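Q: Sequence:
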Amino acid sequence: VKKRIKKPSMHEMIRLTVDLIDRMMNLAGELVLSRNQLRSVLRKVVDENAELNPVLQNLDFVTSEIQEQIMRMRMQPISNLLNKFPRLIRDLSRSLNKEVDLEIIGGDIELDKSIIEGLSDPMTHIIRNAMDHGIETNSERKQLEKPIVGTVEIAISQSNDNIVLMISDDGRGINTKKIEQVAINRNIIKKEEINNLSVNQ
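Numbering (my numbering), first residue to last: 25 to 225.
Careful, some of the hints might be misleading.
[Unchecked claim] Calculated pairs, BS3-like style, for lysine-lysine (alpha carbon to alpha carbon, straight line, at most 27 Å):
no., residue 1, residue 2
1, K170, K215
2, K214, K201
3, K215, K201
4, K170, K214
[As the list claims (entries may be wrong)] Taking CB as the label site, the calculated pair distances span:
no., residue 1, residue 2, range
5, R111, S88, 53 to 61 Å
6, T87, R196, 48 to 56 Å
7, I213, S88, 44 to 52 Å
8, L57, Q182, 23 to 31 Å
9, G142, N50, 14 to 22 Å
10, T87, D156, 46 to 54 Å
11, D115, L83, 50 to 58 Å
12, V188, R96, 32 to 40 Å
13, I218, S88, 44 to 52 Å
14, N50, N162, 28 to 36 Å
15, I139, V56, 36 to 44 Å
16, K170, V206, 41 to 49 Å
Bear in mind the hints are in silico, worked out from the structure with no lab data behind them. All values derive from a computational prediction rather than experimental measurement. By construction, the Cβ of each residue, glycine as well, lies at the ideal position given by its N, Cα and C atoms.
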């Protein structure tokens, strides 16, 4: 049986500025540092006064809980970022004269606000590359007996503390020879070093 989580009503919510949350994060970090210093200073005293140990354990718990709850205040659903990509796909489809669908898997995962902001530009660039260079033109896909409508997929999953983000398309794939030549022309790598590289590198 799934437990239904009650969403807070408007009168149960307040607005906090990002600056205030950042300040609270910094203070929580200072609190953790002070707690660690206090434990170090009182180590001998605690050994001689056992009644202090539960007090310090409670301090550990409260400090960790404060830090965790403040960090949760910065969490946002990654769907806030993903919601902009359907329009990007539509605009690129029109400008490139390609038919492309966007599939999103795992948009309910939450990440820190700064991480979401940092993902915006790289994801946009990767999706543009998929549309420009990965997905073939309608006529090319027809000749290859592939569905006329191409697909770009954004899949986000969580494994323990790790977030896995994958962007893929059902297009022609990467032209490694072209990439190698560009890298050589830009002096990123020497021609004689190419043979020592694998596709995964």
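Q: Which of the listed hints are not met by the structure?
A: Going through the list in order, the structure violates hints 1, 4, 5, 12, 14, 15, 16 and respects the others.
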